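Number of protein chains: 2
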Amino acid sequence: MDIQQTANQCKTASISMSSLSAEIKNKALANIISALKTNESAIRDANKNDLERARKENLDTPLLKRLKFDSAKRLEACDGIESLIRLADPVGTTLNAVELDNGLELYKVSRPIGVIGVIFESRPDALVQIAALCLKSGNAVLLKGGSEASETNQVLAQIIHAAGVDAGCPAGWLGLLETRSDVDRMLQLDQTVDLIIPRGSNAFVKYIMDHTRIPVLGHADGICHLYIDRLADPDMAIELAVDSKTQYVAVCNAIETILVHRDVANEMLPKLKTALEQKQVSILGCGKTQAIIDVDAAGEKDWQTEYLDLIVSIRVVDSLDQGLSHINQYGSGHTDVIVTTDKSRALYFMDRADTADVFWNCSSRFSDGFRFGLGAEVGVSTNKIHARGPVGLEGLMIYQWRMMGNGHRVKDYVGEDAKPFSHTPIDKEFS
Amino acid sequence: MDIQQTANQCKTASISMSSLSAEIKNKALANIISALKTNESAIRDANKNDLERARKENLDTPLLKRLKFDSAKRLEACDGIESLIRLADPVGTTLNAVELDNGLELYKVSRPIGVIGVIFESRPDALVQIAALCLKSGNAVLLKGGSEASETNQVLAQIIHAAGVDAGCPAGWLGLLETRSDVDRMLQLDQTVDLIIPRGSNAFVKYIMDHTRIPVLGHADGICHLYIDRLADPDMAIELAVDSKTQYVAVCNAIETILVHRDVANEMLPKLKTALEQKQVSILGCGKTQAIIDVDAAGEKDWQTEYLDLIVSIRVVDSLDQGLSHINQYGSGHTDVIVTTDKSRALYFMDRADTADVFWNCSSRFSDGFRFGLGAEVGVSTNKIHARGPVGLEGLMIYQWRMMGNGHRVKDYVGEDAKPFSHTPIDKEFS
Chain A
1 MDIQQTANQC
11 KTASISMSSL
21 SAEIKNKALA
31 NIISALKTNE
41 SAIRDANKND
51 LERARKENLD
61 TPLLKRLKFD
71 SAKRLEACDG
81 IESLIRLADP
91 VGTTLNAVEL
101 DNGLELYKVS
111 RPIGVIGVIF
121 ESRPDALVQI
131 AALCLKSGNA
141 VLLKGGSEAS
151 ETNQVLAQII
161 HAAGVDAGCP
171 AGWLGLLETR
181 SDVDRMLQLD
191 QTVDLIIPRG
201 SNAFVKYIMD
211 HTRIPVLGHA
221 DGICHLYIDR
231 LADPDMAIEL
241 AVDSKTQYVA
251 VCNAIETILV
261 HRDVANEMLP
271 KLKTALEQKQ
281 VSILGCGKTQ
291 AIIDVDAAGE
301 KDWQTEYLDL
311 IVSIRVVDSL
321 DQGLSHINQY
331 GSGHTDVIVT
341 TDKSRALYFM
351 DRADTADVFW
361 NCSSRFSDGF
371 RFGLGAEVGV
381 STNKIHARGP
391 VGLEGLMIYQ
401 WRMMGNGHRV
411 KDYVGEDAKP
421 FSHTPIDKEF
431 S
Chain B
1 MDIQQTANQC
11 KTASISMSSL
21 SAEIKNKALA
31 NIISALKTNE
41 SAIRDANKND
51 LERARKENLD
61 TPLLKRLKFD
71 SAKRLEACDG
81 IESLIRLADP
91 VGTTLNAVEL
101 DNGLELYKVS
111 RPIGVIGVIF
121 ESRPDALVQI
131 AALCLKSGNA
141 VLLKGGSEAS
151 ETNQVLAQII
161 HAAGVDAGCP
171 AGWLGLLETR
181 SDVDRMLQLD
191 QTVDLIIPRG
201 SNAFVKYIMD
211 HTRIPVLGHA
221 DGICHLYIDR
231 LADPDMAIEL
241 AVDSKTQYVA
251 VCNAIETILV
261 HRDVANEMLP
271 KLKTALEQKQ
281 VSILGCGKTQ
291 AIIDVDAAGE
301 KDWQTEYLDL
311 IVSIRVVDSL
321 DQGLSHINQY
331 GSGHTDVIVT
341 TDKSRALYFM
351 DRADTADVFW
361 NCSSRFSDGF
371 RFGLGAEVGV
381 STNKIHARGP
391 VGLEGLMIYQ
401 WRMMGNGHRV
411 KDYVGEDAKP
421 FSHTPIDKEF
431 S
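Chains A and B, in that order, are what the protein sequence lines are.
Per our numbering: the first sequence = residues 1 to 431.
Per our numbering: the second sequence = residues 1 to 431.
To be clear, the hints were calculated from the coordinates, so they are not data collected in a lab.
One or more of the hints may lead you astray.
Note: identical chains are not told apart, hence a pair may lie in one copy or across any two.
[Said to hold, decoys possible] DSS-like mimics (lysine-lysine), calculated; alpha carbons at most 30 Å apart, straight line:
id	residue 1	residue 2
1	108	428
2	56	419
3	419	343
4	206	273
5	279	37
6	419	273
7	108	411
8	48	343
Because the structure is a prediction, the values reported are computed rather than measured.
Using the sequences provided together with the hints, build the complete structure.
Here it is as structure tokens:
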């Protein structure tokens with residue numbers, strides 16, 4: 001099938017997907033778990049071929065690691081699906097209900113978005129996870145995986161599609177695009193695909209954001225900050241700086257820059273240096289930082305860099321406001337932290353830091369869908385509309401206005417003898 | 001000031017705007033009402049100049065009518081602002097709160113989006129309305145009006161900006177772009193403008209949607225349908241068809257196509273013809289329609305046309321599913337109606353019509369923010385993310401995740417001795 005046909009089938013399937021019962025969707029998810037087990041050897045063979053080809057093409061070790069889909073990854077994926085089964089059906093929830101007039105009722109009801117386009121690099125486990133999330137939320141899904149994982153992806157997509165159809169999902173609810181040029185083709189499908197979720201490197205996500213009119217849910221980078229206020233508890237500030245930087249460096253919610261209020265710079269900077277260097281972190285500092293501790297210079301470019309490594313930049317700021325200006329200028333609106341013992345300063349910071357996740361006296365690394373208790377994570381968004389920060393299933397949902405009347409005409413509600421609207425809230429689920 | 005400076009100032013102001021108290025915002029709104037009255041003669045003079053120039057340039061009568069900003073329009077705009085003052089502050093509402101562990105609390109709090117770009121044709125009253133909506137929701141606003149209204153817009157923008165600043169809004173909270181080329185410049189400001197709201201003709205909105213990466217909230221067209229089911233009450237069907245088509249034809253929520261189930265076509269079509277022709281509606285029909293009533297032919301192009309006029313196309317469909325296919329293929333996802341006495345068929349229709357507003361046994365013309373009781377209308381959206389259908393102030397809002405801890409580190413929640421998360425919902429407002 002060519003890409004337009006696959007996409008059209010997916011679009012058509014999205015209508016049926018949106019009206020599936022919770023029972024069918026959960027049965028489909030359970031089927032996927034079984035099918036992944038039953039077909040373990042087929043998956044292993046396909047993955048072996050992908051891995052062999054990747055080794056021949058000298059792909060680097062981290063990529064090979066991501067490419068591997070073994071029993072451990074299958075079990076982890078299945079655990080995720082199990083937890084999805086336990087979540088309430090996000091479709092059909094009444095968000096609001098109001099009576100406009102006698103017998104004229106308006107309901108705002110949660111609904112799936114439609115067709116979710118997912119573009120991911122190398123990791124076949126991402127395919128399993130995102131397919132399950134889309135299914136649970138009643139969306140159809142159009143997948144484009146990395147060519148390195150093509151055989152694994154084909155087998156997985158086929159198994160997952162069939163397991164869904166077997167439970168009552170419409171044919172075509174999951175479509176797989178297979179050639180490299182399909183990425184750019186998918187980015188053009190703005191009549192078919194309602195939302196794109198990219199999974200991969202920053203450069204990859206940025207490319208996608210820059211080449212499509214379809215809304216993209218995600219983040220290109222995570223330049224996160226920790227601001228140490230003049231009223232910070234010094235020990236807490238050190239602990240949180242170390243945890244936010246080093247607990248896991250290769251992730252978007254690790255900090256890249258530490259901002260230190262000038263009043264505490266003399267006290268904090270030597271302590272920060274000792275603590276961070278104990279963790280093998282290289283420090284770059286602004287001029288004022290360099291005047292206090294012996295570190296290399298940080299410049300304009302550093303404030304804009306997501307190191308994703310054991311490197312941190314430090315800047316001394318004159319005030320809370322200057323700290324906020326730095327964050328709002330250089331940050332990516334992902335996660336920013338203030339350390340202070342003064343609540344009013346923390347609230348001031350929260351009101352003015354233009355960022356998805358704003359934290360007071362805790363590590364930036366808490367910024368995560370599972371830690372937030374969202375149950376399942378679609379991704380982290382630095383968008384300013386729709387969904388922001390860690391996104392759970394609700395990022396795959398929109399709503400529909402449903403009105404039920406008994407022949408109500410607008411002409412009776414306008415002009416001189418216009419009937420009034422009551423707009424009385426009603427405490428009733430749509431049914 | 002050049003456009004980039006104006007935009008930067010607006011971006012900076014957006015941070016302060018987001019943290020204004022409800023009192024300041026309401027005072028600013030009250031100031032705007034007074035200032036519009038105090039400066040009535042300046043506004044009238046500017047508007048007179050615009051109107052004179054427009055007449056010299058032979059602009060057509062409807063445009064001149066829209067361009068006019070007289071006492072009546074001022075009072076109407078001020079009524080709108082009065083009702084905004086009475087609405088609750090949409091900023092800072094706690095949408096969700098959960099305790100992750102002892103002393104580690106997470107709040108999801110409503111926040112303004114940031115900088116709203118508004119591009120509108122001719123109508124100066126739209127400037128007043130949208131500026132007030134942005135102010136109430138704590139957003140900064142960058143306005144681009146039509147060149148026909150340039151003098152009126154300048155005076156209004158200056159008055160409104162000053163009235164806001166006088167109450168405590170930051171300088172630059174409202175920026176006006178003035179030259180024609182500024183439209184295209186604004187569409188490029190994806191680093192500054194977070195959301196664009198266009199107000200104008202379909203072609204105008206479509207142009208904007210097609211020429212920017214910034215999210216656009218709106219609808220290019222409204223091809224709405226009324227489907228008359230085989231189980232429809234015939235009299236109700238006629239009444240609703242007439243009201244949905246003729247109550248006001250030049251609007252997006254008027255229907256353009258009537259779909260009639262074949263089982264009732266023989267009965268319904270002659271009655272529809274009589275009723276619609278009494279209202280001067282011209283009818284175009286598919287082949288099956290033409291076999292029953294004497295009307296001109298409707299073709300592929302008609303199903304895709306928003307007439308916005310006393311014209312309607314009629315198609316006979318074989319089934320409820322065929323009606324739905326037609327709607328999902330040709331509709332613009334705005335408003336679609338089913339007339340039936342059978343609730344299960346109505347629910348089936350609602351679950352499968354991929355449209356923002358889906359109505360059962362009532363007129364499509366109810367699709368409107370004021371009728372819905374939203375208090376203030378930002379516009380009608382046919383997007384599939386963020387906001388759908390009539391959009392109230394909540395379309396100008398997003399949320400922020402706020403976490404408060406006491407030195408909580410992630411390293412204590414991972415590994416062998418990991419502390420567990422409790423994820424206990426807490427019934428507390430963020431403060």
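30 Å Cα cut-off: does residue 56 pair with residue 419 within a copy, between copies, both or neither?
neither (76 Å within a copy, 43 Å between copies)
For residue 206 vs residue 273, is the C-alpha pair at or below 30 Å within one copy, between two copies, both, or neither?
neither (33 Å within a copy, 55 Å between copies)
For residue 108 and residue 411, with the copy left unspecified, which applies at a CA distance of at most 30 Å: within, between, both, or neither?
within (24 Å within a copy, 42 Å between copies)
Could you place residue 279 and residue 37 in one of the four classes (within, between, both, neither) given a Cα distance threshold of 30 Å?
Intra 41 Å, inter 65 Å, cutoff 30 Å: neither.
Is the C-alpha distance from residue 419 to residue 343 at most 30 Å within one copy, between copies, in both cases, or in neither?
For residue 419 and residue 343, the Cα distance is within 30 Å only across copies (26 Å; inside one copy 51 Å).
Given identical chains, is residue 419 near residue 273, meaning Cα to Cα at most 30 Å, within a copy, between copies, both, or neither?
The answer is between: 28 Å across copies meets 30 Å, while 72 Å in one copy does not.
Intra/inter-copy verdict for residue 108 and residue 428 if alpha-carbon distance must be at most 30 Å
Classified as both: same-chain Cα gap 11 Å, cross-chain 25 Å, threshold 30 Å.
How would you classify residue 48 and residue 343 at a CA-CA limit of 30 Å: within, between, both, or neither?
This pair counts as neither: shortest intra-copy Cα distance 55 Å, inter-copy 54 Å.
Violated hints, in rising order: 2, 4, 5 and 8; the structure is consistent with all others.
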